[in-house]
Every structure is written in C-alpha cells, then in structure tokens.
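Dock chains V, W and A against chain P, hints included.
4 protein chains.
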Amino acid sequence: MGLNTFGHILRVTTFGESHGPAIGCVIDGCPPGLQIAPEEFRHDLERRATGRSRHTSARREADEVEILSGVYEGKTTGTPIALLIRNTDQRSKDYANIAQQFRPGHADYSYWQKYGIRDPRGGGRSSARETTMRVAAGVIAKKWLAQRHGVTVRGYLAQLGGITPRPPFDGAPDWSAVEDNPFFWPCAGQVPELETYMDALRKSGDSIGARVQVIADGVPPGWGEPIYGKLDGELAAALMSINAVKGVEIGDGFAAVTQKGTEHRDLMTPQGFLSNHAGGILGGIATGQPVTASIVLKPTSSLRLPGQTVDVAGEPVEVVTTGRHDPCVGIRATPIAEAMVALVLMDQALRHRAQCGDVGEVLPRIPGAASSGNADD
Amino acid sequence: MGLNTFGHILRVTTFGESHGPAIGCVIDGCPPGLQIAPEEFRHDLERRATGRSRHTSARREADEVEILSGVYEGKTTGTPIALLIRNTDQRSKDYANIAQQFRPGHADYSYWQKYGIRDPRGGGRSSARETTMRVAAGVIAKKWLAQRHGVTVRGYLAQLGGITPRPPFDGAPDWSAVEDNPFFWPCAGQVPELETYMDALRKSGDSIGARVQVIADGVPPGWGEPIYGKLDGELAAALMSINAVKGVEIGDGFAAVTQKGTEHRDLMTPQGFLSNHAGGILGGIATGQPVTASIVLKPTSSLRLPGQTVDVAGEPVEVVTTGRHDPCVGIRATPIAEAMVALVLMDQALRHRAQCGDVGEVLPRIPGAASSGNADD
Amino acid sequence: MGLNTFGHILRVTTFGESHGPAIGCVIDGCPPGLQIAPEEFRHDLERRATGRSRHTSARREADEVEILSGVYEGKTTGTPIALLIRNTDQRSKDYANIAQQFRPGHADYSYWQKYGIRDPRGGGRSSARETTMRVAAGVIAKKWLAQRHGVTVRGYLAQLGGITPRPPFDGAPDWSAVEDNPFFWPCAGQVPELETYMDALRKSGDSIGARVQVIADGVPPGWGEPIYGKLDGELAAALMSINAVKGVEIGDGFAAVTQKGTEHRDLMTPQGFLSNHAGGILGGIATGQPVTASIVLKPTSSLRLPGQTVDVAGEPVEVVTTGRHDPCVGIRATPIAEAMVALVLMDQALRHRAQCGDVGEVLPRIPGAASSGNADD
Amino acid sequence: MGLNTFGHILRVTTFGESHGPAIGCVIDGCPPGLQIAPEEFRHDLERRATGRSRHTSARREADEVEILSGVYEGKTTGTPIALLIRNTDQRSKDYANIAQQFRPGHADYSYWQKYGIRDPRGGGRSSARETTMRVAAGVIAKKWLAQRHGVTVRGYLAQLGGITPRPPFDGAPDWSAVEDNPFFWPCAGQVPELETYMDALRKSGDSIGARVQVIADGVPPGWGEPIYGKLDGELAAALMSINAVKGVEIGDGFAAVTQKGTEHRDLMTPQGFLSNHAGGILGGIATGQPVTASIVLKPTSSLRLPGQTVDVAGEPVEVVTTGRHDPCVGIRATPIAEAMVALVLMDQALRHRAQCGDVGEVLPRIPGAASSGNADD
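Top to bottom, those sequences are chains P, V, W and A.
Take 2 as the starting number for the first sequence in my numbering and just add one per residue.
Take 2 as the starting number for the second sequence in my numbering and just add one per residue.
Take 2 as the starting number for the third sequence in my numbering and just add one per residue.
Take 2 as the starting number for the fourth sequence in my numbering and just add one per residue.
Where hints are given, some of them may not hold.
Said to hold, decoys possible - Residues on chain A that point at chain P, a partial pick, calculated with CB under 7 Å: (1) Gly30; (2) Pro32; (3) Leu35; (4) Ala38; (5) Ala189; (6) Lys261; (7) Leu351; (8) Gln356.
To be verified - Below are the BS3-like pairs computed for lysine-lysine, each with C-alpha atoms no more than 30 Å apart in a straight line: (9) W:Lys144 <-> W:Lys76; (10) V:Lys204 <-> P:Lys261; (11) P:Lys144 <-> P:Lys76; (12) A:Lys261 <-> W:Lys204; (13) A:Lys204 <-> W:Lys261; (14) P:Lys204 <-> V:Lys261; (15) V:Lys144 <-> V:Lys76; (16) A:Lys76 <-> A:Lys144.
For the record, the hints were derived by calculation from the structure and aren't laboratory data.
Even glycine gets a Cβ: it sits at the ideal position worked out from N, Cα and C.
Chain P extracted, bound-state conformation (with noise of 0.2 Å):
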C-alpha cells in the first residue's frame, strides 16, 4: 500500500507532525490473543528516543504509549491496534528563522513542490519523530516473532563515518555489548573513540553518514513471495522508507559486483550451508539461513554551519539551522531498522500461512549457518 500504510495482512498506519498534538499508528491484521501491555513498548522506544546521550538531539520526550482500541484484558482481540503518544517537548519557534528558507539536503523543499503548503514546525511530517510509531509497532511484531515462530530481529550501528568495527569483531556481535554503548556499536573497547569522535563532529557543527546492520535470526525456509512481493524486495522499501536512508543490501549486498559465481554462493550440505553471501534470501524466499540486511544513513541537513540555499520567493540566502538535531542520525537508525524489519517478516509470515498454511514442512530443510550472534542466543 501506498502513502501511510505499511504491509498486506499486518498493516500499520502511522499519523502525526513533528511538532503537532500527537503521533499514532494503527495495528490492523494482528492475530488474536497476544498479550502486549503499555509499558512494553517503552525499552525500545527508549533505544530510540533522542536526548539519552549528548551524541542525539537534546529534545526529551516522554513517549508514554497509550493503548486506545485492539487490547481487553492484556490481549489483542484481533481488532485494530491504535496507539498515541502525545508530543511534550516541541519548540516550534526554533524554526522560526528558517520558515521562509529551505533547507540544501532537507524534505522542506520537495513536500513545499508537492503539497504547495507548508508547516516548518520541526519538519512536520517529515520529521524521524514519525519513526517513533514504527518503533511502537514493531515492539508488536518482535514480540509475535518471538513467541510464534522464535524469530529474533537485532541490529547494531556497522560504520560511523569512517569508523569500523575492529578485530575480534568478526561479523557475529555480542548482542549484550551492543545494548551497552549509546552507539549500538558492536565492540565495547571501541566506545571511547566514538564518543571523541562525535565530541569533536557536535563542536564543528557538521553531521556525518553510518551504516547500520539488522540480522533476523530463526526466519523459517518459505517466509516471502516471488515477483514483486519478494522479502527482500520488500525489505528494500521498508527500509529505504526510514528517513536519510540512501542504500539498502541484502546479504553480501555490492559486494558482490566484484564476487565470482563460485566464491558467491552458498554451498549446501546435509548438516548446513556452508556460508551465508545469500542474506538468507532466494528468489525472494527465505532460505532458513539468518536474514542479513544493511543500509546506509546519510549525514542530517539540519547543520549550523551555513549553506547556500534559496527562500520561499525563490530569492538567494544562507541558511543556518539552530534547533536540536542529531549529528548522526544512523546512532538511532537501529531501533527503526529492526522495527521495520520486523514488520515485513511478521506481514510475511501472516501472508505465507494464507497461501501455503497446508504445505508443512518440507524436506530437506537444510539447517541455518552457524548462529549470527552468541552470548544471550
């Protein structure tokens, strides 16, 4: 579906402005009988929230879910799932000054050519504060994941600007240390050159790009459709929709330019496959092996240092955007990301159980490589 709805069975409608009343979605599609309380959807939402380190925009909001409709005594009825949280936290005047500007590298300019209107407060629609619901609904899809079909979707910030995960890093985290670090970064010893890295970015006033990596471990073999609803296909939309992505790779991604045939795919064998350059996907169809993707965020645009742009009566100016802002909008990308992806398996999974809920399990299911993860697996 198109504009503000996401997914075919499990259908999310997000709503709000940046800087209006309220932010909400909708939960449509999700099976009955879930048990799923308010304060659940606070530990990611929190993952997500700005102003939980100096290196996120120092708004602070409070982001208490309340469930409005879907949920009797602690369980999902079947019905839709509606959920709000009201905004706190809005400083619309700090937009004042660039009302009548737009923005070089910022949406502003492309809704202003499409809508002919405008609300400058905070980005209005365009905001990440919309990525809030995508957070809450996919808390929803996690927990459904989990329960039903023991899926775990997680990721962790891969690259921060020119920074890397260094040795014995090896491409398997410790989900316990990603958790750990404000960066989601997967090597603990590491955190102290982000910190003085990000230290010295905030000073400058520029912002700077990351790449972000979610690994869903546990997707059943037949998860996804062929053609134009293939998962991973579908994965690329989702993930290309959260806001300052650029790029999106499934497995070994563009890696694989420079990859022969054989150096490329995974070899099969009784007891598994023997390497994962596939993502997990062929054909569009899950293979039972982990789900891999990785997408790029491109440095905000919001910056205090000046730029050439035109105003709203076309004429040459600089701007220069005060206001709160991340000075990398990839740290938070991580919460979002497992969000999303976890919609579309948990869509997918819906979807497979339309059309092939009498095929069973066929044989021979190859085993999945070695787990992506350790420690708390």
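For chains V, W and A alone, coordinates are given in the frame of chain P:
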C-alpha cells in the same frame, strides 16, 4: 500489492514460466489515448533478449508480442492491456539432470520450501524469463513518460566485476555509445577489454557480478509520496525485485556513510542545484533533479563448475549445471532496470495527479542540475 | 482494502471500541489546501448521535473531535488527518448479564467464533459506535465534493416498518423538511404518526426495520471504474458495511425484476435523460444523472423481550438485553449512509483524475434528469 | 483492489473485450497442490455460455480454456495461473449501425464519457463476455472450497419477470432439477410456462428482468472480517459488479424493512439455529449457517424496439439494436453469481487463516440450520 502484481494506479500483473507455453502481462490503469503498436515493444525486448551476443545465454526467443486487449485502432482505451509472448525455444531436457538437485545460490531450494512443489524446467517462475514482460510493460511507461512529461529513463552497465568505466567518462554517459555495444557500456574504447574478459570467464565456467546505473531525466518536483510510498522506497522495492539484485542505492548511496553533512547536502541557488548527491529525491519526493539509482547483480548460480549441495532426498551430491546460462546476468539487466524505474515513475505520476492535481506549479522551482547525459539529449 | 481501511486513493482507517477509551480515524490521501475546522464535524455527528430524541438510544456522547494531524493553520496539508473522539458515557456494567450469553441476531457470536476472544462491553468493535468516525470522515468528503465539484450527498428515511411517505411526496424530497424532524422523514405531516408508532414500539420492547434512500446530485459523468471497481459495486460494499444493513439497491433496484427493457431504459435526448431508472450509473460508471441508492436496515437484535439462545458453555438460556438501545437503528443510519456514499465518490473522483485527467470534457454530455430535490437546491 | 483485479490474497485479474482476439484472466495466490485440468472448466463455462438454448443469445463460442501458467503436472504450483480463451464467433459488423449512437441504458455512453474513446464492437470491455473469465476463475475457487472445507456454492433463478417458483418449492431447491433445464429453475413443472413466456418476449423484441439466488452451504463460522472487509460487504461488491445487477440482498434482505426484531433474529439452541433470516452472516462474519444472497438483473438495453437517444455528435436519433442479444440476461447469470460468491469465500478463507490460523475451533459451535438443499446434498 504483493506477489505478481505491481503498482497502485498503474498496475502490472505478470504470469508465466520459463519453459511453459507462454509468458504475459496485464497492464491496468493506463490512461486512454496513448498510441501503441506491437512493433514498439521490439527494441527494448531485443535489448533484453538472450542470444544477442556470445556474452549472454544462447537461448533465442522471437519474443513476438501479441496485444490481446486494451488497444483499439492503435490507441489504448483505458481498459486492461494484455500482452502475450509464446515461448518457442525451451529445452526442458537440459534440466533433467538437476531436477532432483538444488543449485547452491538458486531459488529452486526456497521455492521448494515454500510451495512443496517443484517446476524444474528452466527455473520455472523464478527464471529471468519473467522479466521479459516487465520490459514490455516498461515500454508503455517509457512512452507515456516521454510524451506526457518529457521524462527519459536510461541505464548503463557501470561495473563488470572489477572493471569500471575509464576517463574521459565522468558519470554523464554518452547514451548513443551505450546503445552501440552489447554490454551497455558507456566507454566505447573499453569494449574489447570487456569482450576478452567475458570470453575467458565463459571458458572457465564461472560467472561474475555487475553494477547497473539508471538515470531518469526530467522528473518534475513533487512526484513521490511520504512515509511508505516514498519514491525511493518504491524504486528500491522495484529494483530489488529484479532477479539477482542484492542491493540498491539512490544518489550517492553507500558512499554517504563517510560523507559529512556539508559535503552531502546539495546547495541550492536560483540558477539550480550545485550538485546531486541526493539522486533527485528528498523525503521520498522528487526535487526536480535527475533521479539516479544503482543496483548490484550477483553472479549467477547456474555454473558448469561443480558445487556441494543436497538432493530432494536430503542426500549430499555434487551439482553441475549445463544448459544455456548467462555468465553475467548484469549485462542484460539494464533494460529491465529501466523498465522498473519507468513503471514506478508513471505510477507515482498518476498518484500525484490524483491527490495533488490542483496544486499546480509551485514557485520557486529550482532548475535541475546539469543534464545527466549529452549527445542525444 | 480489507478490514478497517476503506478506499484506494482516499483511504479511511477507523479504530476503537464502543466502551474503550476512544474511537478515531486516519484519513489519508486528502488533497492539500482544504479548509477544515473541528467545529465543522459537529453538525453531522449530531445528526448521527444517540440521545437526540426519545426515539434513539439514551447514550449521550459529547463527540468532540480532536484533530491530531494533517491540518496546519486550518488547512489540510496532504498528510494523514487523524481524528480522535474520547468515549465518555460508557456503562459497561449494563452488559454484565449478557457477557456469558450470545444475543440471537447479534455479532457477538460470530466475533467469538472468529477471534476466540470476546469484548462484551457494548458490542466492542461491532457496535454502531464505530460509525461515528465514518460520519466524521464523511464530513471532509462532503465538503471537498461540494467545493471542488458541486456535488451534494443527502439522504432520508424512506420507510419505517410498514410506513411509507405519503403524497404529495413524489420521490423528490424537500431537504429542509428532512432536516426538521428526528426521523429524517421527507413528509412533515406524517411525523406525529411516526412518533406514535415509535412510542408504542419502544414500550413493547421490540424493534423494527427501515429503509434509507441516499441521493448524490451533481456527480459528473465518468466517475467510476469498470469491472471490479465499479461505482455501484463500491457503493454496495460501502453501504453493506454499515451495521445492520442487509440489502442495497441502485436506481430502481429490485423493482427491475419485473420491468421490461423498454420500461427500464432511460431514453436520452439532447435536452437530457427522460428518466433515471439506472440510478445514475451504467456499466459501473456515472452517467451525469443523480446517483441514487437505497438500503435496508434490519431491526436491532438487542431486545428486552426474551429469546432462546446459548451461553459460552453451549448451554441453552433465555437472553434479555437491557441497556440503552435503538428500537430502530435505521433512523440514525441516514448520515452514516451519506458519509459512505460521499467517501466512495471522493475516492472515485481522485482515481478518475489519476487515470483520465487528460480526457477532459467529452461531448455530447447529456444534462442530468430533473433535480432530485427542490427548495434548497 | 480496484479496476480489473479482485480479491486480496486470492486475486483475479481479467482482461479482454467482447470482440477482441481473446479474453483471459490471471489467478494469483491460489494454494499449491490443487489438481486442475483444462476440461474441468467446461461444465461451468457451458452453463454460462450463450447459444445453449433458443432463450439466450445466438453467439456460439467454443470457450476452450488454455492454461498458460501456474499448473505443473496437473497441479497448481502456487504461482499465477493464467487462463486464455480465444474469441471465435465475433460479428463486429453487427455493430456498424450503432457505432455512432448510444443505446439508452447501455454502458457505451458512460464509457465514452470516462475514456473519450469508444470500442463499439459488441460492447467492448463492458460486455458480459468478460464474465466468462469470472466463471473460469470460480471453477478453481469452487473446487478448493469443496475439497478443503466441504463448502458448496450453488444458485438458481428465483424469479423471471413476474413468474416465481410455485409450491411445492419451499426455498430449498432440488439442485438436480435446477441443472436439468436451461433456466436454472427450481421447479421442473414450470419450465413449459417459462418457455412460452420467453418465446413471446423474444418475438416482441423486448427484454425482462430477473432474480437469482445463491446459497453457500458448509461455510464455517468465523470467515469474514469486520468493518470494511465484511463478508456481506464483499459479497455485495462482487455481485453488484456483475453486468446488469442493480441490487443485492443478504438473507431476508429488503423484507427486513417491515420485520420486527423478534421476528428477524435467529434463535439459537444447542441443536442449531431455528431460522436463517440473517443469511448466515452477522457483523460481517459467517455464523456457520448457509450463506444466502439474492440479486436482481435488469432487463438488457440492447433491444430491437426503437428508442430515443443521441449520437456521438449530440444529435437526437432513434436507435434499434440488431445483433445477437439475450432477452433475459438473468438466466445466464446463475453460474456467474456462483463464481463471484465462491471467489469471495475462498479469499476470505485464506485471509481468515492468515490472521486467525491459531484460533482453532471455538466452542460452542452451533450447528447450521437445516440444509438448504436436498437430493444430491
């Protein structure tokens, strides 16, 4: 939409298997009054066809399009346009020896896990033969975009394994040169090098990855929809849905990981944008600059070199794929990628008119950056 | 779309239960620039509200609409419009005695069979309370249709049990008379008769069926889509989706069973159609005549008169429904039916512009039949 | 979905014009493993075909179905099933004299207004010829429903102009009698009366309306979705989308206008429901009783008797339609209506499994009312 239908207002449904009697598509929602004749499909189908040079599969299909409906006296009527192509050069017996085995890296394993049923003849539905109909549908989208909006959608092979275009190529392809060699390569002088490389590769029995770049010139600002219907989100889904694609980039793509905000943002002046790192899209909506997308095609998994795998009984075997296959599927992907981009753009154009048909031209409208092509522009 | 979302380009998603904390909706795809204020919802919500007269349920909700998003400085922005109404007059304890029993003719049994979970408070999601948000969404559709296309959508109660409008009523209602009585009845003189009937019915503890007629004046020829997106097909779905509706007619409806072709066909002259048996739709597409639809509302199943049924353990019991219920749900259905017709028309108008925006006005365009109303036309 | 695609999980797309080269459909989302052979389409296509008796149009099409995809070794594979029927008995010249005129009551005027283009040959896309493919798709749905769920979908002609079935007919048709006459009439004894009536009608050059009743036996409780995806809402859309249908009823339909609540509600006992006024649906969800629907077909507008109209220049003319037409299109509508009901039910069954596949059988499950048929049940 899921599965085998693509688009919202302009909807394309494809059907058919590689070695079945026919392939076809139904194109719904096309505006009435567009002139279209069966012979107009030939050019792009020929560009996509196998057997065009020794560097692609030897299968040779006539690919004669029959228009079954939706066109009356040479013009579209507004009702569904059905196109049919009979398969004529199947050699299903080529697949007899792999009917009981799974090719590592091929969709035959995941299809089997999903449906519990296997059509081993030439990959069945997962074969790239399906993309023939995407190219056919794309012909209509390209024509409408050009006639109605002056938009052109063109692609080229931007990398073949380790080989990249050499100077004087600077990212602005000479489109007539691209069409003048079987690789869609933008530098005429390098073609002999590519031929030598491919001859050696084919002899070795291995395959190689590639990268394709697509550029849409003339896209007006405003096309695209926020959040889940973003222009880049839909391009990502459309391009990732092409066989063998493992990654999609918009604009600078993954290069943005190491970019600063001051480097990435495209400064604006009344005379135009000063760069196009964004690839013509901000917040999911076109800015008026050329829309640029890049994809990676993995090396094909149908190899003459033996590989470890399992058979349908789960026993370990060595598989060798004979039959006719492309050593680099990326070569023929150029017209397919163009088609998918054109279909997304036409659908978004119609959706934009639906919701925002009264907005009109909003000022200031910044001119697009310098043209992305030359020669035949 | 399925479930709780309605429409293609203009999409309405509703949520909320009768006795939950709130009900609401998200209206997506509305063109930008439409002026809308919270108080504009009041008139139609009041028309639909219970407690307006002694002839409807005694529940009295304030139905204050809060606009949560999509409107900036009084105008729609093109982003999703979220509306919220808090429930304030629930009396869930009224349902304590039927929490373990199924009302014959009520959805509580079928919901239970579907979801395995039961929200007995006031019918939960199956309550007519949900239609409040349809009416709210319909306010926006009605306003856009009137401003942009001069279309008006109005309804009246065409039959209450055995009572039908008397001459001089001739099918062309005096709309100001309709709005002047609590029954939406087109003949002022009959109102005392209806009041006497309803008073006796309420006293008896029984309920009664009704018929509602909706007329859309000013619909231009061309709206509607062939085959599965027919204007009449979508009106049928929209109207049948209203609680208690068991039948839908377009134009002459079931009277056509006994009509001859020469009697049913609407003859055409350059001065206009000579009749409107078709109800303004041929082949699923509007002709330019008034679009007319008629629905039947069954008598409500929540009765004080005891009836045989079973309880959740499958044991036979006698059920008696106390609480606050409408003896004739058809009375309040008029504004709901108007809203659904308006939403279908607006969605079709936008879709027509998407595909056929370049067709322009086709000649000859036959004038519509004599206006379907008078007085305030 | 809109336009020419129908359904959500099971999706049918039809294409083709009455006098074009072929008609066809693509059936997407069908579960894999269903056995289906080309000859299985024959029975229902023959029931729908013209030329079967002197009471229908004299056009005689072979209606040979070619399966183009989605079936391998006699079984569905889960990929799209494309069906093709070549048109062989067009007589486009029959339409030469009305190419410039609009038939009153016919879609050729509204199509012209929508698209600005006209395909006069036999009504083009608006012809009932399109319904051939609905019947073909319905064959698959009927087979799956019967095999997987024991559901049967059958219809009969319930009224022909003023003629209704006579006692001993009591609403429970003898299905073998229905199949034994060209009218799908449930009372064998009345067939001579119908023949006499039709012979006189045909001679007069006029046409007549009709009513068709469809009954689905064995539908389990729980199928259907609340609010906008209601089972009755989707049946209404599906049935109203059939050519010439002007009204749809579920259960008692319009008779409920004059019913009291105590009369309409279906009392429940552990041994079963005591009546079926609801037509097997409450709140949009199946109750486990037979699902019953009734439709009205208007008299066709293609008449030999002259009528006032305009031509494409807007001038007044008298139109006379020669060519081959049905004096009562309702007769052949029975298999079409069955097909549409079957397609809705199968789609809802798959959607129910998607969301509620874990709910299982909920107790108490009340047995359905007495079977709606006899003899061959």
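We went through each hint and held it up to the structure:
Given hint, Gly30 (chain A) at the interface with chain P, holds; its Cβ is 6 Å from that chain's nearest Cβ, closer than 7 Å. Annotation: interface hint on Pro32 (chain A) holds; nearest CB of chain P at approximately 6 Å, less than 7 Å. Nearest Cβ of chain P to the Cβ of Leu35 (chain A): about 10 Å, over the 7 Å cut. The hint is violated. The criterion of a C-beta within 7 Å of any C-beta in chain P is not met by Ala38 (chain A), whose closest approach is roughly 20 Å, and the hint is violated.
Checking Ala189 (chain A) against chain P by beta carbon gives a least distance of about 40 Å; that is not within 7 Å, so the hint is violated. The interface hint given for Lys261 (chain A) is broken, as the beta carbon of that residue sits about 30 Å from the closest beta carbon of chain P, more than 7 Å. For the restraint placing Leu351 (chain A) at the interface with chain P, the shortest Cβ-Cβ distance is roughly 4 Å, inside the 7 Å limit, so the hint holds. Using the Cβ-Cβ criterion of 7 Å, the hint placing Gln356 (chain A) at the interface with chain P is satisfied: the shortest such distance is roughly 6 Å.
About 13 Å separates the Cα atoms of Lys144 (chain W) and Lys76 (chain W), which keeps this hinted pair within 30 Å; it holds. A threshold of 30 Å between alpha carbons decides the hint, and for Lys204 (chain V) with Lys261 (chain P) the separation of about 14 Å falls inside it, so the pair holds. A distance of roughly 13 Å separates the Cα atoms of Lys144 (chain P) and Lys76 (chain P); the hinted pair therefore holds under the 30 Å criterion. A threshold of 30 Å between alpha carbons decides the hint, and for Lys261 (chain A) with Lys204 (chain W) the separation of about 14 Å falls inside it, so the pair holds.
For a cut-off of 30 Å, the pair hint linking Lys204 (chain A) to Lys261 (chain W) stands: about 14 Å separates their Cα positions. Proximity of Lys204 (chain P) to Lys261 (chain V) is assessed by CA-CA distance (about 14 Å); at most 30 Å being required, the pair is judged to hold. Between Lys144 (chain V) and Lys76 (chain V), the direct Cα distance comes to roughly 13 Å. Compliance with the 30 Å bound is thereby established for this hinted pair. Taking the CA atoms of Lys76 (chain A) and Lys144 (chain A), the gap is about 13 Å. The hint holds against a cut of 30 Å.
Violated hints for the displayed structure, listed by number in ascending order: 3, 4, 5 and 6.
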